[in-house]
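Which chain is which? The protein sequence lines are A and B, in order.
Counting in the numbering used here, the first sequence runs from 26 upward without gaps.
Counting in the numbering used here, the second sequence runs from 439 upward without gaps.
By construction, these hints were calculated from the structure, which means they are not laboratory data.
Treat the hints with care, since some could be wrong.
[As the list claims (entries may be wrong)] Derived pair list, reagent style BS3-like, types lysine-lysine, alpha-carbon separation capped at 25 angstroms: (1) K264(A) x K467(B); (2) K264(A) x K254(A); (3) K254(A) x K467(B); (4) K143(A) x K467(B); (5) K254(A) x K111(A).
[Claimed, not checked] Pair ranges (Cβ atoms, derived): (6) G147(A) x L471(B): 46 to 52 angstroms; (7) P179(A) x M439(B): 28 to 34 angstroms; (8) D74(A) x R470(B): 45 to 51 angstroms; (9) R261(A) x C451(B): 34 to 40 angstroms; (10) E485(B) x R261(A): 17 to 23 angstroms; (11) V196(A) x M439(B): 40 to 46 angstroms; (12) C451(B) x N185(A): 37 to 43 angstroms; (13) V62(A) x K467(B): 48 to 54 angstroms; (14) R46(A) x E483(B): 33 to 39 angstroms.
Being a predicted model, the structure only gives us computed values, none of them experimental.
Every residue gets a Cβ at the ideal spot worked out from N, C-alpha and C, and that includes glycine.
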Amino acid sequence: MSRRSASGDLPQSLEVGRTYRIPLPALAAFSAVLVTVAAVLVFFVAPNDADQGFSQRIFYFHVSIALTAYACFAAGAWKALVHLWKRDPRADLESYVAVHQGVIFGSLVLMTGSIWAKISWGHWWLWSENQLVLFLVLFLFYAAYFMLRYSVDPGPQRANLSAVYALFGVVLIPVSFLAIRLAQHFIHPIVFTRHGPSFGGWILVTYCVAQVAMLVLAYTLYRVELAGKRLDARLRELKEVLA
Amino acid sequence: MSTAEKYVTAAYCVVLALVAAYVVIIALKLQRLERDVDELAGRVEQEPEAAEREPAAVG
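Model the full structure from these sequences, guided by the hints.
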């Protein structure tokens, strides 16, 4: 962070930044529209599930938020790899923000999942369910990422340690995703089978819209947080230059 | 409203509340950044005045 650029007196991070094709306000408006459309489809268009009834409607957001959390963790690992591979100074911050988004969406998965479990199973949590426990392990693993990151002083060492940790965590994603298929007792419903999704019609349309809405929302929040973090870093360095 | 409907509504409210809380946190952070920018701008405005007051080195 404190490295000076070769071209002038300003720190290097003041000169780096990524330009995006989609402006942030347009992206935010698009995600708001998509989330609203998804909510309307969930409550007013999608039919009640024959087996689970009204409570199945939680799944439109629960499953799409879960897959979005996986995508965020995967993106964090990818950015971590880019950081370790190319020593790109932007990638460390991008990896951190992606993991942060993953943890936010992960906490939503745990909360919405617990509410559904209370309706269907009569319990907020079941330790005997591999899918639940493995997702909790994945969530806690990435929650510990922040403890590691903030226990080391800012600099290349912190960036490298965080990148390696984020990269290792990605191994847990397929384990968590496949746990439901490898488990002996199928209590947790399986949405995606080898032959495709286990539903069709308006249920499938609603799920697809909800999935796109959550991905766009996550990307918007990622861009907002990243912009804030970059601005914060640039201001801190400007203060150092002016001091 | 049935029990299932109450729980489903609660689930969606949780999602909405968490996203709203996140937006509020980001908004508070942006306010702090705005104050920092104002402080820096004030410092930059003061610096030329201070430089004018200082005697310039000659020769």
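The hints, checked one at a time:
1. K264(A) x K467(B): holds, 17 angstroms
2. K264(A) x K254(A): holds, 15 angstroms
3. K254(A) x K467(B): holds, 9 angstroms
4. K143(A) x K467(B): Violated, at roughly 36 angstroms.
5. K254(A) x K111(A): holds, 21 angstroms
6. G147(A) x L471(B): 46 to 52 angstroms: holds, 47 angstroms
7. P179(A) x M439(B): 28 to 34 angstroms: violated, 51 angstroms
8. D74(A) x R470(B): 45 to 51 angstroms: holds, 46 angstroms
9. R261(A) x C451(B): 34 to 40 angstroms: Holds: the Cβ-Cβ distance is about 37 angstroms, inside 34 to 40 angstroms.
10. E485(B) x R261(A): 17 to 23 angstroms: Since the Cβ atoms of E485(B) and R261(A) sit about 18 angstroms apart, the hinted range of 17 to 23 angstroms holds.
11. V196(A) x M439(B): 40 to 46 angstroms: holds, 43 angstroms
12. C451(B) x N185(A): 37 to 43 angstroms: 41 angstroms Cβ-Cβ, so the 37 to 43 angstroms window holds.
13. V62(A) x K467(B): 48 to 54 angstroms: violated, 29 angstroms
14. R46(A) x E483(B): 33 to 39 angstroms: The hint (33 to 39 angstroms, Cβ to Cβ) holds, given that R46(A) and E483(B) are roughly 36 angstroms apart.
Violated hints, in rising order: 4, 7 and 13; the structure is consistent with all others.
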